[in-house]
Amino acid sequence: MIRAPIRLPLKQFVLKYQLQLRCISIRPTRNYPTPRTISTTTTKFHNMSRTESGSFKPVEEAQAQDLPGLEKEMKPTSESTALEGKHGHQEYLAAGKLKGNKALITGGDSGIGRSVAVLFAREGSDVTIVYLPEEEEDARETKKMVEKEGKECLLIPGNLMDNETCRKAVEQHMQRFGALHVLVNNASKQIMCEDISKINLDDVESTFRSNILQMFAVTKYAVPHMEKGGSIINTTSTVGFRGTAAMVDYASTKGAITSFTQSLAKQLMPKGIRVNAVAPGPVHTPLQPASRPAEQMEGFGAKSGVGRVGQPSEIAPSFIFLASKDAELYYGQVLHAYPLGD
0 MIRAPIRLPL KQFVLKYQLQ LRCISIRPTR NYPTPRTIST TTTKFHNMSR TESGSFKPVE
60 EAQAQDLPGL EKEMKPTSES TALEGKHGHQ EYLAAGKLKG NKALITGGDS GIGRSVAVLF
120 AREGSDVTIV YLPEEEEDAR ETKKMVEKEG KECLLIPGNL MDNETCRKAV EQHMQRFGAL
180 HVLVNNASKQ IMCEDISKIN LDDVESTFRS NILQMFAVTK YAVPHMEKGG SIINTTSTVG
240 FRGTAAMVDY ASTKGAITSF TQSLAKQLMP KGIRVNAVAP GPVHTPLQPA SRPAEQMEGF
300 GAKSGVGRVG QPSEIAPSFI FLASKDAELY YGQVLHAYPL GD
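Numbering that gives the first Met the number 0 applies: residue 0 is where the sequence shown begins, and numbers increase by one.
Honestly, I wouldn't trust all of these hints.
Stated by the list, open to error - In silico EDC-like cross-links for lysine to aspartate or glutamate, where the CA-CA straight-line distance does not exceed 20 Å:
#  : residue 1 : residue 2
1  : 96        : 325
2  : 167       : 146
3  : 96        : 135
4  : 167       : 194
5  : 96        : 193
6  : 270       : 201
7  : 71        : 151
8  : 85        : 72
9  : 98        : 163
10 : 74        : 170
11 : 227       : 135
12 : 143       : 72
13 : 71        : 161
14 : 96        : 146
15 : 98        : 325
16 : 219       : 140
17 : 143       : 226
18 : 147       : 136
19 : 71        : 170
20 : 142       : 226
21 : 74        : 140
22 : 219       : 161
23 : 142       : 327
24 : 324       : 226
25 : 98        : 327
26 : 227       : 325
27 : 270       : 194
28 : 98        : 226
29 : 147       : 226
30 : 85        : 170
31 : 98        : 161
In short, the hints are calculated from the structure, not lab data.
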């Protein structure tokens, strides 16, 4: 039997139609801030780490430098601000995550430190970078990059293996900016040695002082100036978790940094100061050709799961996350910034 359609009285029909329209009505668009346009004139294939297809490639040329290593001597130079894209490289787009912040970054002149400094600035933070005097040229270039993002950059040359230098660095930062919201402990060194019986004990002591002891000193002087909501981010490494035969002392310091991070996080948690770490795998920075034989740099990163070495610009976003309010619940955590298996 075919039933006749039910006919609603006109008043009920209109009411039903209005309810349906209300259910599918489109909410007004929110007025989100328009992302700042990134100039392409200074970023278009300015280094040969990029391919025209939008990907990065492994290091192809054998090369070596003296410690601590300089960006200008790298072949190719590292990438500080761009990421891989489907249709070409894309500049990191900021969202104001660090607006109004004042950050102190050790080892901020080159490599990961440079990328962190520049992208912090892009996110709205003024920065202080501490670096070795012999890295002055790299530091000045980083300062230009930060200022191009519209933020201030204070340069402090000095050797952090000296405790007084650590104290003065924090003091100079406070004199310039009056606040310290984010501390990035990034400075470190590495020396290759594959035979423990031949390891130079002076080098071991130097590596520990450079990588972990200065971290204690800088943090000791920085914490009294930090308030609730502050963030301390330490650079550790994948080798701190899986070891490496060629750098036993370096790996040991990175393991110590992880323990330092977790223990300090528990100590500062009641004050609302977050302490976390980032553990990169192999990254294309000046430290690499400055700490290994030239032939080991040929094809560096090609055996990675992604077929290439990482770029600083791919590591820095982890620091931005940990520095921002997005990581409000993160205490004593380590972000592993490398492909599984590397």
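A quick look at each hint next to the structure:
1. With a CA separation close to 8 Å, the supplied pair residue 96 and residue 325 stays within the 20 Å bound.
2. The suggested pairing of residue 167 with residue 146 is violated, with an alpha-carbon distance near 23 Å, which exceeds 20 Å.
3. This hinted pair does not check out: residue 96 and residue 135 have alpha carbons roughly 29 Å apart, beyond 20 Å.
4. A threshold of 20 Å between alpha carbons decides the hint, and for residue 167 with residue 194 the separation of about 38 Å lies outside it, so the pair is violated.
5. Simply put, residue 96 and residue 193 have alpha-carbon atoms about 43 Å apart, too far for the 20 Å limit, and the pair is violated.
6. Only pairs whose Cα atoms come within 20 Å are accepted, and residue 270 paired with residue 201 is rejected, the gap being roughly 38 Å.
7. Between residue 71 and residue 151 the alpha-carbon distance is near 23 Å, which puts this suggested pair outside the 20 Å criterion.
8. Proposed proximity of residue 85 and residue 72 is contradicted: the alpha carbons are some 29 Å apart, above 20 Å.
9. Proposed proximity of residue 98 and residue 163 is contradicted: the alpha carbons are some 31 Å apart, above 20 Å.
10. Proximity of residue 74 to residue 170 is assessed by CA-CA distance (about 37 Å); at most 20 Å being required, the pair is judged violated.
11. Taking the CA atoms of residue 227 and residue 135, the gap is near 34 Å; set against the 20 Å cutoff, the hint is violated.
12. Of the pairs offered as hints, the one joining residue 143 and residue 72 holds, with about 19 Å between alpha carbons and a cut-off of 20 Å not exceeded.
13. Distance check on the hinted pair: residue 71 and residue 161 sit about 27 Å apart at the alpha-carbon level, beyond 20 Å; violated.
14. About 18 Å separates the Cα atoms of residue 96 and residue 146, which keeps this hinted pair within 20 Å; it holds.
15. Our distance criterion of 20 Å between C-alpha atoms is met by residue 98 and residue 325, whose separation comes to about 13 Å.
16. Taking the CA atoms of residue 219 and residue 140, the gap is about 29 Å. The hint is violated against a cut of 20 Å.
17. Distance restraint check for residue 143 and residue 226: the Cα-Cα separation of roughly 29 Å exceeds the 20 Å cut-off, and the hinted pair is therefore not satisfied.
18. Distance hint between residue 147 and residue 136 is fulfilled; the C-alpha atoms sit about 17 Å from each other, no more than 20 Å.
19. Restraint check for residue 71 and residue 170: not satisfied, since their Cα atoms lie roughly 30 Å apart, outside the 20 Å limit.
20. Proximity of residue 142 to residue 226 is assessed by CA-CA distance (about 26 Å); at most 20 Å being required, the pair is judged violated.
21. Taking the CA atoms of residue 74 and residue 140, the gap is about 17 Å. The hint holds against a cut of 20 Å.
22. Among the hinted pairs, residue 219 with residue 161 is consistent with the structure: their alpha-carbon atoms are about 14 Å apart, no more than 20 Å.
23. Restraint check for residue 142 and residue 327: not satisfied, since their Cα atoms lie roughly 29 Å apart, outside the 20 Å limit.
24. With a CA separation close to 14 Å, the supplied pair residue 324 and residue 226 stays within the 20 Å bound.
25. Distance restraint check for residue 98 and residue 327: the Cα-Cα separation of roughly 16 Å lies within the 20 Å cut-off, and the hinted pair is therefore satisfied.
26. Between the alpha carbons of residue 227 and residue 325 the distance comes to roughly 15 Å, so the proposed pair stays at or under 20 Å and holds.
27. This hinted pair does not check out: residue 270 and residue 194 have alpha carbons roughly 44 Å apart, beyond 20 Å.
28. For the given pair, residue 98 sits about 16 Å from residue 226 by alpha-carbon distance, which is consistent with the 20 Å threshold.
29. The straight-line distance between the Cα atoms of residue 147 and residue 226 is roughly 29 Å, outside the 20 Å bound, and the hint therefore fails.
30. With a C-alpha separation of about 45 Å, the suggested pairing of residue 85 with residue 170 is violated against the 20 Å cut-off.
31. For the proposed pair residue 98 and residue 161, the alpha carbon gap of about 32 Å is over 20 Å, so the pair is violated.
Hint compliance for this structure: hints 2, 3, 4, 5, 6, 7, 8, 9, 10, 11, 13, 16, 17, 19, 20, 23, 27, 29, 30, 31 are not met, and every other hint is.
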